[in-house]
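Colleague: Residues per chain, in single letters:
There are 2 protein chains.
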Amino acid sequence: MTPGHGTQAGEDARIVRTRADVARTAFDVLVSEGADALTHARVAERAGYSKTTLYKHWPSRFDLAAVALEALGDVAHHERTGDIRTDLVGELKAFRQAVLDRRLDQVLSAMAQWATDEMMREVRNAVNTDGQRPVRAVLEEVFEGAELEAAISMLSGVVACPSLMFGTVPDDDVIEAAVDIVLRGAGRAGAEHRSPRG
Amino acid sequence: MTPGHGTQAGEDARIVRTRADVARTAFDVLVSEGADALTHARVAERAGYSKTTLYKHWPSRFDLAAVALEALGDVAHHERTGDIRTDLVGELKAFRQAVLDRRLDQVLSAMAQWATDEMMREVRNAVNTDGQRPVRAVLEEVFEGAELEAAISMLSGVVACPSLMFGTVPDDDVIEAAVDIVLRGAGRAGAEHRSPRG
Chain X
1 MTPGHGTQAG EDARIVRTRA DVARTAFDVL VSEGADALTH ARVAERAGYS
51 KTTLYKHWPS RFDLAAVALE ALGDVAHHER TGDIRTDLVG ELKAFRQAVL
101 DRRLDQVLSA MAQWATDEMM REVRNAVNTD GQRPVRAVLE EVFEGAELEA
151 AISMLSGVVA CPSLMFGTVP DDDVIEAAVD IVLRGAGRAG AEHRSPRG
Chain S
1 MTPGHGTQAG EDARIVRTRA DVARTAFDVL VSEGADALTH ARVAERAGYS
51 KTTLYKHWPS RFDLAAVALE ALGDVAHHER TGDIRTDLVG ELKAFRQAVL
101 DRRLDQVLSA MAQWATDEMM REVRNAVNTD GQRPVRAVLE EVFEGAELEA
151 AISMLSGVVA CPSLMFGTVP DDDVIEAAVD IVLRGAGRAG AEHRSPRG
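Line order of the protein sequences matches chains X and S. Just so you know, the first sequence maps onto residues 1 to 198 in my numbering. Just so you know, the second sequence maps onto residues 1 to 198 in my numbering.
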């Protein structure tokens, strides 16, 4: 990543552009062709760079996978309103949209497959911790301990399970039913109540 | 699969044994080395058969994947007691055990990766429909419509999400918390009540 010759600014701009091109292309290969296809040869071919350039900056398949995941950085989240039910439903719909637009389901399953490698395991855990953060933040207002962990996995599962297991996404009424079951299950009478249960 | 020469019985027995060997080996390759490694060369090497034999009976990688999934046939389920809470907790613990013993998480993510292929999509859907059947049967006593779909995905997610996303399985208290939240969320006062809500 250190600039070689040429002006510092010109070289830096080129590196940034190359990195963005390769990240986007590697991500596209990953979600459209599967983890098997994520090779230096395939990304070089689709991005229009030489394999030499790719190997120079991203020597291993691990590096290719990591740079592909950088393209996830701009996945949209729901903007918090302060109403717990609205925020949970909104965040699950944003998750569903990312499955449809960015094939987050393919990313999830690819990361699970790569997890036989220690480094990839760390990358996967960081990406998934990051992805669950908004739902966790809302649920922490209502749950704690084992119930909090259960609620986070359950609401992630409403979108993740159908997409990973059947290639489908839940309708609005299924997302809303899930949030209502979880909030009722916390002993809350309805969505209006904001204070944690006693 | 038609017997060639030799006695019918001896030939049939040999075919059955070969199929079982290959299914077990293909399954082991899949869960220990990942979907990338599931090739005729690798399975032949580990099973001690020639590549020719493998190509003869299972011409494509699709066939190898399908035969690997036959080894899932004997995954243990929980035996129904009639008590809804006990049966849901028991089934989720059986799911968790299969993740630990049979690496069901790796199978799930491999199937999701293969799903770019139409035939593999059908196999995956059949395997997952089968896997969810016991939980669905119990939840149908309590839920219907969108709530039923939400509850099935949520309880699958309690085991599937941590294993796929973080390589961990939930503790007993998380499984029990999930079942309790879902049953309370259905408007049920407690585990003793067996009748569907009105």
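Simulated from the structure, these hints should not be mistaken for lab results. Among these hints, one or two may not hold up.
List of simulated lysine to any residue pairs, SDA-like, C-alpha gap at most 25 Å [said to hold, decoys possible]:
#1 X:Lys93 to S:Thr39
#2 X:Lys93 to S:Ala37
#3 S:Lys56 to S:His77
#4 S:Lys93 to S:His77
#5 X:Lys93 to S:Arg136
#6 S:Lys51 to S:Gly82
#7 X:Lys51 to S:Ala37
#8 X:Lys93 to X:Arg136
#9 S:Lys93 to X:Lys93
#10 X:Lys93 to S:Phe166
#11 X:Lys93 to S:Asn125
#12 S:Lys93 to S:Gly82
#13 X:Lys93 to S:Glu144
#14 S:Lys93 to X:Gly145
Have a look at the derived ranges for each label pair, beta carbon to beta carbon [to be verified]:
#15 S:Gly73 to X:Asp101: 47 to 53 Å
#16 X:Thr52 to S:Asp130: 45 to 51 Å
#17 X:His57 to S:Ala37: 25 to 31 Å
#18 S:Leu72 to X:Ala41: 29 to 35 Å
#19 S:Thr116 to X:Glu140: 16 to 22 Å
#20 X:Thr52 to S:Ala37: 26 to 32 Å
#21 S:Thr116 to X:Phe62: 54 to 60 Å
#22 X:Glu33 to S:Gly73: 58 to 64 Å
#23 S:Lys51 to X:Arg17: 24 to 30 Å
#24 X:Ala41 to S:Arg42: 36 to 42 Å
Covered by chain S, per the in silico footprint, the following chain X stretches (three or more residues, Cβ under 8 Å) [stated by the list, open to error]:
#25 45-59
#26 78-87
#27 112-121
We treat Cβ as the ideally placed atom computed from N, Cα and C, and that holds for glycine.
Colleague: Would you mind marking each hint as holding or not holding in the structure?
Modeller: The hints, checked one at a time:
For the proposed pair Lys93 (chain X) and Thr39 (chain S), the alpha carbon gap of about 38 Å is over 25 Å, so the pair is violated. Annotation: proposed proximity of Lys93 (chain X) to Ala37 (chain S) is violated, straight-line Cα distance about 35 Å (limit 25 Å). Proposed proximity of Lys56 (chain S) and His77 (chain S) is contradicted: the alpha carbons are some 34 Å apart, above 25 Å. At most 25 Å may separate the alpha-carbon atoms for a hinted pair to count; Lys93 (chain S) and His77 (chain S) meet this at roughly 9 Å.
Proposed proximity of Lys93 (chain X) and Arg136 (chain S) is supported: the alpha carbons are some 24 Å apart, at most 25 Å. Taken as a hint, the Lys51 (chain S) and Gly82 (chain S) pair is broken in the structure, with Cα atoms around 49 Å apart against an allowance of 25 Å. At roughly 24 Å between alpha-carbon atoms, Lys51 (chain X) and Ala37 (chain S) fall within 25 Å of each other, so this suggested pair holds. Only pairs whose Cα atoms come within 25 Å are accepted, and Lys93 (chain X) paired with Arg136 (chain X) is accepted, the gap being roughly 15 Å.
Pair hint Lys93 (chain S) plus Lys93 (chain X) does not hold up; C-alpha atoms about 29 Å apart against a cutoff of 25 Å. Taking the CA atoms of Lys93 (chain X) and Phe166 (chain S), the gap is near 22 Å; set against the 25 Å cutoff, the hint holds. A threshold of 25 Å between alpha carbons decides the hint, and for Lys93 (chain X) with Asn125 (chain S) the separation of about 23 Å falls inside it, so the pair holds. Under the criterion of a C-alpha separation no larger than 25 Å, the hint pairing Lys93 (chain S) with Gly82 (chain S) is consistent with the structure, at around 17 Å.
Taken as a hint, the Lys93 (chain X) and Glu144 (chain S) pair is honoured in the structure, with Cα atoms around 22 Å apart against an allowance of 25 Å. Annotation: proposed proximity of Lys93 (chain S) to Gly145 (chain X) holds, straight-line Cα distance about 19 Å (limit 25 Å). Checked against the hint of 47 to 53 Å, the pair Gly73 (chain S) and Asp101 (chain X) fails, with Cβ atoms roughly 37 Å apart. Checking the proposed 45 to 51 Å range against Thr52 (chain X) and Asp130 (chain S) shows it holds: the Cβ atoms sit about 48 Å from each other.
At roughly 27 Å, the beta carbons of His57 (chain X) and Ala37 (chain S) sit within the given window of 25 to 31 Å. Checking the proposed 29 to 35 Å range against Leu72 (chain S) and Ala41 (chain X) shows it holds: the Cβ atoms sit about 34 Å from each other. A hinted range of 16 to 22 Å for the beta carbons of Thr116 (chain S) and Glu140 (chain X) is inconsistent with their spacing of about 37 Å. Between Thr52 (chain X) and Ala37 (chain S) the CB atoms are about 28 Å apart, so this pair conforms to the stated range of 26 to 32 Å.
Distance hint for Thr116 (chain S) and Phe62 (chain X): a CB-CB separation of about 22 Å, inconsistent with the stated range 54 to 60 Å. A beta carbon spacing of about 30 Å between Glu33 (chain X) and Gly73 (chain S) contradicts the range 58 to 64 Å that was offered as a hint. Between Lys51 (chain S) and Arg17 (chain X) the Cβ separation comes to about 45 Å, which falls outside the hinted range of 24 to 30 Å. Taken as a hint, the range 36 to 42 Å is violated for the pair Ala41 (chain X) and Arg42 (chain S), whose Cβ atoms sit roughly 21 Å apart.
Figure legend: the stretch 45-59 of chain X, annotated as covered by chain S; annotation inconsistent (0 residues with Cβ-Cβ distances under 8 Å, at least 3 required). Counting residues of the stretch 78-87 of chain X whose beta-carbon sits less than 8 Å from any beta-carbon of chain S gives 0, not enough to reach three: the coverage restraint is violated. By the rule of at least three residues with a Cβ nearer than 8 Å to a Cβ of chain S, the coverage given for the stretch 112-121 of chain X holds, with 6 such residues.
The structure does not agree with the numbered hints 1, 2, 3, 6, 9, 15, 19, 21, 22, 23, 24, 25 and 26 stated previously, though it agrees with the rest.
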